[in-house]
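Trainee: Just so you know, the protein sequences line up as chains A and B, in that order. Going by numbering that gives the first Met the number 0, the first residue of the first sequence is number 0, and it counts up by one from there. Going by numbering that gives the first Met the number 0, the first residue of the second sequence is number 0, and it counts up by one from there.
Errors might be hidden in some of the hints.
[What the hints assert, rightly or not] A partial selection of chain B residues facing chain A, derived with a Cβ cut-off under 10 Å:
1) Leu18
2) Leu98
3) Val156
4) Val221
[Said to hold, decoys possible] A few chain A residues that don't get close to chain B, going by computed Cβ distances all over 12 Å:
5) His22
6) Gly37
7) Met126
8) Gly128
9) Leu212
10) Arg259
11) Leu279
12) Ala284
[Claimed, not checked] Just so you have them, the derived chain B footprint on chain A, three or more residues with Cβ under 8 Å:
13) 42-51
14) 94-106
15) 175-189
16) 240-252
Simulated from the structure, these hints should not be mistaken for lab results. Quantities reported herein were computed from a predicted structural model and do not represent experimental measurements. Glycine included, C-beta positions come from ideal geometry on N, C-alpha and C.
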Amino acid sequence: MASDQILVTSPPSGVEQVSAVAHRSLSLLREAPKLPVGIILFVALVAIFAPLLAPHDAETSVKPIKIFAPAIYAGGTWDTALGTDFQGRDILSRLIYGARTSLIIGLLGTVFAGMLGVTLGIVSGYMGGLWDQVIMRITDAKLALPSLVFGIFLAAVLSPGLWTIILILMIVFWTRYARVIRGEVLSLRERDFVKLAEVTGAGKIRVMFRHILPNIMNTAMVLFSLTVGVAIILEASLSFLGVGVPPPTPTWGNMLADARPTLISERWTLTVAPGICIMLLVLAANLLGDWMRVRLDPQLRNR
Amino acid sequence: MKTFIAKRLLSSLVTLLVLSMIIFALVRASGNPAELLYEYPGAREEDIARQTEAWGLNKSWPEQYASFVWNIARFDYGESFQYGTSVRSLYFDRLPNSLLLAFWAFLISMAIGIPLGIMSAVRVDSWWDSFGKTFALLGLSVPSFFVALLLVLLFGVKLEWLPFLGKPDSFFDWRHLVLPSLALGWFFSGAMLRLTRSSMLEVLGSEYIKLCRLKGLPETVVIVKHALRNSFIPVLTLAAVNLVVMINVAVVVEVVFSWPGIGRLLYDGLINRDFPLVQGVVVMAGVMIVGTNFVVDVLYGYLDPRIRLTR
Numbered sequence: 000m001a002s003d004q005i006l007v008t009s010p011p012s013g014v015e016q017v018s019a020v021a022h023r024s025l026s027l028l029r030e031a032p033k034l035p036v037g038i039i040l041f042v043a044l045v046a047i048f049a050p051l052l053a054p055h056d057a058e059t060s061v062k063p064i065k066i067f068a069p070a071i072y073a074g075g076t077w078d079t080a081l082g083t084d085f086q087g088r089d090i091l092s093r094l095i096y097g098a099r100t101s102l103i104i105g106l107l108g109t110v111f112a113g114m115l116g117v118t119l120g121i122v123s124g125y126m127g128g129l130w131d132q133v134i135m136r137i138t139d140a141k142l143a144l145p146s147l148v149f150g151i152f153l154a155a156v157l158s159p160g161l162w163t164i165i166l167i168l169m170i171v172f173w174t175r176y177a178r179v180i181r182g183e184v185l186s187l188r189e190r191d192f193v194k195l196a197e198v199t200g201a202g203k204i205r206v207m208f209r210h211i212l213p214n215i216m217n218t219a220m221v222l223f224s225l226t227v228g229v230a231i232i233l234e235a236s237l238s239f240l241g242v243g244v245p246p247p248t249p250t251w252g253n254m255l256a257d258a259r260p261t262l263i264s265e266r267w268t269l270t271v272a273p274g275i276c277i278m279l280l281v282l283a284a285n286l287l288g289d290w291m292r293v294r295l296d297p298q299l300r301n302r
Numbered sequence: 000m001k002t003f004i005a006k007r008l009l010s011s012l013v014t015l016l017v018l019s020m021i022i023f024a025l026v027r028a029s030g031n032p033a034e035l036l037y038e039y040p041g042a043r044e045e046d047i048a049r050q051t052e053a054w055g056l057n058k059s060w061p062e063q064y065a066s067f068v069w070n071i072a073r074f075d076y077g078e079s080f081q082y083g084t085s086v087r088s089l090y091f092d093r094l095p096n097s098l099l100l101a102f103w104a105f106l107i108s109m110a111i112g113i114p115l116g117i118m119s120a121v122r123v124d125s126w127w128d129s130f131g132k133t134f135a136l137l138g139l140s141v142p143s144f145f146v147a148l149l150l151v152l153l154f155g156v157k158l159e160w161l162p163f164l165g166k167p168d169s170f171f172d173w174r175h176l177v178l179p180s181l182a183l184g185w186f187f188s189g190a191m192l193r194l195t196r197s198s199m200l201e202v203l204g205s206e207y208i209k210l211c212r213l214k215g216l217p218e219t220v221v222i223v224k225h226a227l228r229n230s231f232i233p234v235l236t237l238a239a240v241n242l243v244v245m246i247n248v249a250v251v252v253e254v255v256f257s258w259p260g261i262g263r264l265l266y267d268g269l270i271n272r273d274f275p276l277v278q279g280v281v282v283m284a285g286v287m288i289v290g291t292n293f294v295v296d297v298l299y300g301y302l303d304p305r306i307r308l309t310r
């Protein structure tokens, strides 16, 4: 009888744990507001199937080197539905491939920033002492610079490229995680389950990553969803300033930069199309982030 | 009070010191900054040797760092690669333009954010509130360069109402100022709205507001005289910090409107690989913001004795 009890309450195996997590995140997704999830899924699908969806190649001219109007205007053709840019490249195809770059950079940059920030936040909060002092002083100093200014500085020091931008986002945004996670760990550290783990003889690393980490995952996810939007804006700003992903790779930011000299010629689609894409994606990310903040952590509700 | 100020001053200095270490480390990790001059058209061997000498790059790391900090303390950021003049004089030439832009953007962000925030808080969960929330969300989600480009398209090109390039001739030349300051103030008005709303909500839920209402004071008196005054402290703090932040993050807006401020200077340095210029502007941004935070903290401590003890 007693052994049955133990069997029933024994911790689930790895497979069951994974399926439980998957189940939980699926049910979470089902509750999420439809519009932002829809937008993000749409952008993600477009990004994944870009080669199938794009009518043309994004990096080569499909027409003579000249700006062509969208199809609904005189002089436009349905072959290039949204017109072409100053090099005769199809805008629609560039938007579709641009979704790829923007999404990859935004997501990877935020994920890497999260991994670094969460790790350092846990170490800072749990180890205390010198670790805490050093990590938190660095955080303070970094928060003194606006992320755009710091991003520009890094872009000036490093040579441009896709992975450089991801690295820049990681260096710029990890402090956001570290600050909040540290605060959370400070209170978790005093809880009974951590004390018990310590008494049982669990090592520091085991306590930090086996016992504390699972308990701060909710906060980390909320921070992640709130940071994605800012990260995409920063990437777009850097691309707009000409230090993002180098041309001819299309990103929404450098499409806007390309469009700037043509403002006076009233080719408004060149500016509005990539701008709307950035806006919708960031809006969706922020809406989802706000919802997740309330859903996963009711204590944050009134901030 | 004196120990409080001393403590805050010390922690500000530590922050600046750590910031200078981060910048120093990042620059050195990426190689000899004087060699960035190689990428600069027309640079000769002796130019690089001269820059290396001027920055003391042939000395040991601790010595280099010490001279780096000493130079920052004297506001000496070296010579610009492209202009050949000192970064300091370039910077202070441009600063007044940035101050002008930031000042008007600051006024706009308050003029939009505060009234909308108050309306949202007073009529919570009403049509006003949803409007305010939507507005704040748009403020945070639409990148300022896109707002700037849209303003240029609409008011500059399509309607031809306002000029959109360059800076005004005088302080009150509003025609040149409207579009850039609107574009810059846009993002911050969203943040102001959010903070005003939450601060007002907190005050409106407090006991003394309940008492005011129980006394039978008219709602306008409750709001204007009692709630507003008390909820303004955090709002004004954020506004002050924002003003300084705006001076430094106006880069994209200044680029779109060809506004000759320090943001444009930073862009200039970035595009032309003018490393001393970029470093100078970035360091100044850090100094300015840490300085403002210090002043705000001290003022807070002066106004509210409780803060002196908790920090």
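Trainee: For every hint, state whether the structure bears it out.
Mentor: Hint by hint, here is what the structure shows:
no.: 1; hint: Leu18; result: holds, 4 Å
no.: 2; hint: Leu98; result: violated, 17 Å
no.: 3; hint: Val156; result: holds, 6 Å
no.: 4; hint: Val221; result: violated, 21 Å
no.: 5; hint: His22; result: holds, 31 Å
no.: 6; hint: Gly37; result: holds, 16 Å
no.: 7; hint: Met126; result: holds, 19 Å
no.: 8; hint: Gly128; result: holds, 17 Å
no.: 9; hint: Leu212; result: holds, 27 Å
no.: 10; hint: Arg259; result: violated, 7 Å
no.: 11; hint: Leu279; result: violated, 9 Å
no.: 12; hint: Ala284; result: violated, 8 Å
no.: 13; hint: 42-51; result: violated (count 0)
no.: 14; hint: 94-106; result: violated (count 0)
no.: 15; hint: 175-189; result: violated (count 0)
no.: 16; hint: 240-252; result: holds (count 3)
The structure fails hints 2, 4, 10, 11, 12, 13, 14, 15 (numbered hints given earlier, in ascending order).
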